[in-house]
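Number of protein chains: 2
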Amino acid sequence: MRKPAPQRAQRNDLEIGDLKVPVTQVTLSDGSTTQLYRTEGPTGIDPRDGLPTRRAPWIERRRARGDHNFSQMHCARNGEITEEMRFVAIREGMSPEFVRDEIARGRAIIPANIEHPELEPMIIGRNFLVKVNANIGNSKVLSSIDAEVEKLQWAVRWGADTVMDLSTGDQIHETREWILRNSPVPIGTVPLYQALEKVRGVVEDLNIDVYMETIEEQAKQGVSYFTVHAGVLLRSVPLTIDRVTGIVSRGGSIMAKWCLSHHKENFLYTHFEDICDVMKRYDVAFSLGDGLRPGSVADANDAAQFFELEVLGELTERAWKHDIQVMIEGPGHVPLHKIPENVERQLEVCKEAPFYTLGPLVTDIAPGYDHIASAIGAAMIAQHGTAMLCYVTPKEHLGLPDRDDVKEGMIAYKIAAHAADLAKQHPGAQERDDLLSKARFEFRWRDQFALGLDPERAEDYHDQTLPAEGAKTAHFCSMCGPAFCAYRISQDVNKLAASEKLIPLGKAQQAHDQATLEAEEGMAQKAREFRDGGGEVYVPIAEPMRSNSSS
Amino acid sequence: MRKPAPQRAQRNDLEIGDLKVPVTQVTLSDGSTTQLYRTEGPTGIDPRDGLPTRRAPWIERRRARGDHNFSQMHCARNGEITEEMRFVAIREGMSPEFVRDEIARGRAIIPANIEHPELEPMIIGRNFLVKVNANIGNSKVLSSIDAEVEKLQWAVRWGADTVMDLSTGDQIHETREWILRNSPVPIGTVPLYQALEKVRGVVEDLNIDVYMETIEEQAKQGVSYFTVHAGVLLRSVPLTIDRVTGIVSRGGSIMAKWCLSHHKENFLYTHFEDICDVMKRYDVAFSLGDGLRPGSVADANDAAQFFELEVLGELTERAWKHDIQVMIEGPGHVPLHKIPENVERQLEVCKEAPFYTLGPLVTDIAPGYDHIASAIGAAMIAQHGTAMLCYVTPKEHLGLPDRDDVKEGMIAYKIAAHAADLAKQHPGAQERDDLLSKARFEFRWRDQFALGLDPERAEDYHDQTLPAEGAKTAHFCSMCGPAFCAYRISQDVNKLAASEKLIPLGKAQQAHDQATLEAEEGMAQKAREFRDGGGEVYVPIAEPMRSNSSS
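Chains V and S, in that order, are what the protein sequence lines are. Its first residue numbered 1, the first sequence is counted upward by one per residue in the numbering used here. Its first residue numbered 1, the second sequence is counted upward by one per residue in the numbering used here.
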């Protein structure tokens with residue numbers, strides 16, 4: 001059962017002109033408020049009703065004027081600032097014109113299918129806040145529709161900026177419909193999975209027709225980005241044979257098998273133009289899949305991976321000719337020292353199209369803790385320029401994540417993304433840290449909790465040892481106890497210093513010089529004693545004191 | 001209750017000459033074995049008996065020959081390769097001479113008090129494996145002796161290389177005695193805490209006499225390193241006044257208050273030579289405390305922090321004159337982009353003495369998850385040269401860690417440390433990753449679990465969705481289900497490729513060229529159609545299909 005969120009943090013829709021932009025408004029103990037970026041949609045709505053369709057009038061207007069390429073990039077290149085651009089500009093604290101320019105040059109995307117009117121637009125680009133994607137979806141083995149909608153709501157509650165529905169099981173269409181109608185964030189998919197279901201799982205039977213039918217179906221439902229594994233070419237497959245972990249992308253392995261079985265070029269590559277036709281009609285963005293990403297640190301930055309990146313660079317430019325928005329998927333498993341090269345190459349080869357990476361995991365030895373192993377890599381790769389991070393849950397490599405896993409993965413990645421925002425000195429990013437630290441130093445426990453990523457857990461942890469209500473204002477916690485609280489003593493220090501107006505530095509220097517002089521005299525005295533004693537001193541060796549006899 | 005460790009991983013004492021060096025021996029499903037670095041001591045011993053005192057004869061020999069400076073650095077500088085150096089050389093896969101040389105030049109330390117004969121020696125230095133320290137200790141508010149010994153055993157079970165006993169409560173001496181007699185790893189302390197207890201918590205009443213008495217007492221018990229906050233000078237206190245979080249080190253705040261109250265220089269600084277006399281008699285290493293470390297990202301890399309570092313550099317050289325081993329404590333809270341400067345300055349100012357950092361946390365907004373926020377910073381700072389990481393638990397800033405917190409903190413930090421070992425390309429570090437990844441690719445689930453940092457959790461997570469014994473050899477997991485398993489498909493790809501010996505690359509290129517030609521022809525045809533149609537195409541807009549009516 002969901003514990004009610006603390007009342008001190010609530011959704012608020014800022015009405016700015018014709019736009020309603022959601023924020024989480026936190027009320028601090030002095031009555032002041034601060035506003036945080038919010039991914040969670042309107043709450044308290046029956047999933048059968050779906051979210052309000054606030055984008056509908058914007059899209060109707062574009063339809064009415066006879067548009068046939070609905071992509072945000074198309075508008076941006078035509079000099080138009082859309083409602084979606086103004087919306088994200090408010091969320092990010094940037095100017096609408098800057099947003100338009102970044103989209104026009106392909107350096108950022110707003111994934112916003114015109115068939116997803118429930119969407120609260122967001123932007124993915126390295127000059128904006130680092131975003132986090134959460135994967136959900138059922139498999140043959142587990143999960144239900146209800147569970148997937150709940151996972152969606154749960155993921156956005158904890159800060160998912162986009163959600164990928166990776167369902168491969170039954171009721172794939174219906175599951176997606178429920179997810180879309182209840183999602184305030186863009187939904188991404190890998191259409192190949194459903195196409196494979198349609199040919200009963202026989203890879204060899206895949207073909208462009210069933211694929212085109214699938215993307216038309218999914219685009220019509222409102223999916224905002226498709227992972228397309230068009231970069232796995234027939235001739236790149238041999239490059240993976242000697243790897244420790246071969247091909248670890250599902251889509252990549254499927255296309256490699258298809259290519260090899262038919263001895264034909266990847267049909268996603270050869271029919272890329274046909275796919276583009278669908279993308280622009282709905283404004284579905286490409287998420288060009290890294291089908292040959294490394295699945296172990298041993299395979300990082302190898303020939304297969306970088307060969308595919310070159311192909312993705314070529315495809316980026318082809319998509320851009322249609323004004324279709326593009327981002328590029330990245331690894332995977334990469335040791336720390338090989339991370340920067342991934343971003344540098346991607347930015348160069350793909351002409352600064354946004355990078356969207358899965359982790360990367362910086363070691364392979366942490367099954368059960370891969371959210372941590374990958375959050376480390378994620379923070380570093382985002383610092384270097386990755387625009388969106390795909391989260392990894394503690395169940396990675398082991399099983400399908402449940403609700404708790406989704407939350408654990410999300411929070412680890414919000415930490416990584418925010419760490420990168422700080423490192424990139426994103427305007428305003430540090431404000432929340434400063435507010436929280438100030439609350440911490442001043443023993444405003446409830447403010448500290450409310451400003452954290454997970455107020456409930458912070459309060460629970462605090463209360464495990466000091467549950468009394470009075471402890472919420474106590475000037476110590478159970479970690480150090482009252483006598484040893486550095487914050488309390490430090491406040492005493494500040495008071496002492498203030499009581500003398502300023503500490504007289506000259507006096508401090510005097511004290512130091514005096515002490516040093518005394519110390520030197522002491523040493524000189526010791527040296528004399530040592531010499532007088534003949535240069536050998538008896539050093540009493542204390543007997544070890546044992547409370548027990550040990551063998 | 002502790003679940004028994006899987007039998008496939010067991011302690012084994014390698015007998016090499018006169019030394020017994022512990023390893024964790026993992027038996028894989030093909031019967032082969034691999035040996036991992038092991039911090040956990042001999043198990044199954046009653047805490048009242050304490051661990052075997054294997055170092056005792058080594059120390060007796062040194063006493064018998066009339067040594068009065070027992071420090072490993074003193075031996076190293078005299079050209080002696082001690083048993084401790086040979087021991088760590090085996091553990092690290094380095095030559096004893098290299099170990100001796102690193103210690104002689106102060107670039108590494110072996111914290112090994114001669115009164116701690118139960119110790120299994122380990123080395124801290126940036127040319128060796130990155131180490132992790134776990135803090136335990138009771139406070140006035142909580143905890144008992146039993147709980148602390150159990151925490152010690154628990155911490156070393158999960159890989160703690162050293163343990164700091166930060167007790168501040170009652171029975172401080174007795175708690176420490178129990179910990180030491182049962183510890184296979186070096187124990188560190190902050191003697192100032194006990195000294196403050198001796199003056200009933202009144203900071204102003206502290207003095208060098210009570211401090212000297214305390215360090216003599218603790219050294220005699222066998223503590224291997226002391227955090228000494230000798231770098232907090234009277235004139236540095238004003239530098240902290242305008243900080244967001246003032247002074248957050250307990251020792252730092254105590255000494256700052258003392259200095260300010262008395263308007264005298266820090267007695268740990270003025271009596272540094274007296275302290276040195278004790279250190280060398282027992283071989284206690286200095287861990288020069290960073291009393292002015294930043295407690296928030298806002299305060300990182302500020303004047304107070306770097307002023308203190310300069311003082312620590314001076315003290316390092318003074319300690320080295322006595323051949324006393326030294327490491328330097330570091331922050332704290334530091335955003336990612338300010339981390340490298342911390343290491344670079346420390347290495348320069350402190351002449352490459354090993355750096356020992358607490359995290360750092362890369363953001364302040366994650367109370368309840370600070371083990372993750374800090375593991376990110378820890379991995380990066382270790383990659384840049386930090387030799388030992390002090391772990392942070394999920395309870396940081398909120399309360400005293402319990403058993404589960406100790407484990408969570410330890411594993412997050414083993415990941416960070418290992419990630420840095422990989423990044424530094426420490427010889428042999430990647431072997432475990434490769435073995436695990438190979439097992440993963442080949443569906444040897446039990447081998448994958450056994451090679452991971454937490455075999456039990458990995459198995460539990462796997463079994464939550466596929467508990468049947470058969471699933472332990474199944475060629476899929478619940479994440480993707482059987483049809484979509486990339487590993488399985490990738491193995492098919494390898495078989496396909498192998499069946500043709502090598503994929504004929506010429507043929508692949510031919511297929512690609514043919515496909516490209518066809519695609520180009522198709523595009524040319526489309527372009528013709530488009531032009532013929534007058535340059536405007538009707539794009540049918542599909543009606544959104546809704547499974548529900550939304551407002």
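Honestly, I wouldn't trust all of these hints.
Pairs count within a copy or across copies, as identical chains cannot be separated in the list.
Derived pair list, reagent style DSS-like, types lysine-lysine, alpha-carbon separation capped at 30 Å [said to hold, decoys possible]:
no.: 1; residue 1: Lys495; residue 2: Lys264
no.: 2; residue 1: Lys321; residue 2: Lys264
no.: 3; residue 1: Lys20; residue 2: Lys220
no.: 4; residue 1: Lys438; residue 2: Lys338
no.: 5; residue 1: Lys495; residue 2: Lys198
no.: 6; residue 1: Lys321; residue 2: Lys220
no.: 7; residue 1: Lys264; residue 2: Lys507
no.: 8; residue 1: Lys321; residue 2: Lys338
no.: 9; residue 1: Lys424; residue 2: Lys220
no.: 10; residue 1: Lys351; residue 2: Lys338
no.: 11; residue 1: Lys338; residue 2: Lys424
no.: 12; residue 1: Lys321; residue 2: Lys351
no.: 13; residue 1: Lys280; residue 2: Lys351
no.: 14; residue 1: Lys438; residue 2: Lys424
no.: 15; residue 1: Lys472; residue 2: Lys264
no.: 16; residue 1: Lys20; residue 2: Lys424
What the hints contain is simulated information worked out from the structure, not anything from laboratory work. From a predicted model like this one, the values you see are computed outputs, not experimental measurements.
Hints, one by one, checked against the model:
1. When the C-alpha separation of Lys495 and Lys264 is checked against a cutoff of 30 Å, the pair qualifies only between copies, where the shortest distance is 17 Å, while the shortest distance within a copy is 77 Å.
2. Within a single copy, Lys321 and Lys264 get their C-alpha atoms as close as 26 Å, which meets the 30 Å cut-off; across copies the closest is 73 Å, which misses it.
3. Only within a single protomer do Lys20 and Lys220 lie at most 30 Å apart by alpha-carbon distance; the minimum there is 25 Å, versus 69 Å between protomers.
4. Taking the shortest Cα distances, Lys438 and Lys338 sit within 30 Å of each other only across copies (21 Å), while inside one copy they are farther apart (37 Å).
5. In this assembly of identical chains, the alpha carbons of Lys495 and Lys198 lie at most 30 Å apart only when taken from different copies (25 Å versus 73 Å within one copy).
6. Proximity of Lys321 to Lys220 under the C-alpha cut-off of 30 Å is restricted to the intra-copy arrangement: shortest distance 23 Å within a copy versus 76 Å between copies.
7. When the C-alpha separation of Lys264 and Lys507 is checked against a cutoff of 30 Å, the pair qualifies only between copies, where the shortest distance is 9 Å, while the shortest distance within a copy is 84 Å.
8. For the identical chains of this complex, Lys321 and Lys338 are neighbours neither inside a copy (32 Å) nor across copies (40 Å), given an alpha-carbon limit of 30 Å.
9. In this assembly of identical chains, the alpha carbons of Lys424 and Lys220 never lie at most 30 Å apart, being 37 Å within a copy and 49 Å across copies at closest.
10. Proximity of Lys351 to Lys338 under the C-alpha cut-off of 30 Å is found in both arrangements, the shortest distances being 20 Å within a copy and 28 Å between copies.
11. In this assembly of identical chains, the alpha carbons of Lys338 and Lys424 lie at most 30 Å apart whether taken from the same copy (20 Å) or from different copies (11 Å).
12. In this assembly of identical chains, Lys321 and Lys351 lie within 30 Å of each other by CA distance solely inside one copy; the values are 13 Å within and 57 Å between copies.
13. Taking the shortest Cα distances, Lys280 and Lys351 sit within 30 Å of each other inside one copy (20 Å), while across copies they are farther apart (60 Å).
14. Taking the closest pair of Cα atoms, Lys438 and Lys424 come within 30 Å of each other only inside a single copy of the chain (22 Å); across copies the shortest separation is 37 Å, beyond that limit.
15. Taking identical chains as interchangeable, the C-alpha atoms of Lys472 and Lys264 are never at most 30 Å apart, the minima being 67 Å within one chain and 36 Å between chains.
16. Proximity of Lys20 and Lys424 under a CA criterion of 30 Å is satisfied intra-copy only: 28 Å inside one chain copy versus 49 Å between copies.
Taken one by one, the earlier hints fail for this structure at numbers 8, 9, 15, listed in ascending order.
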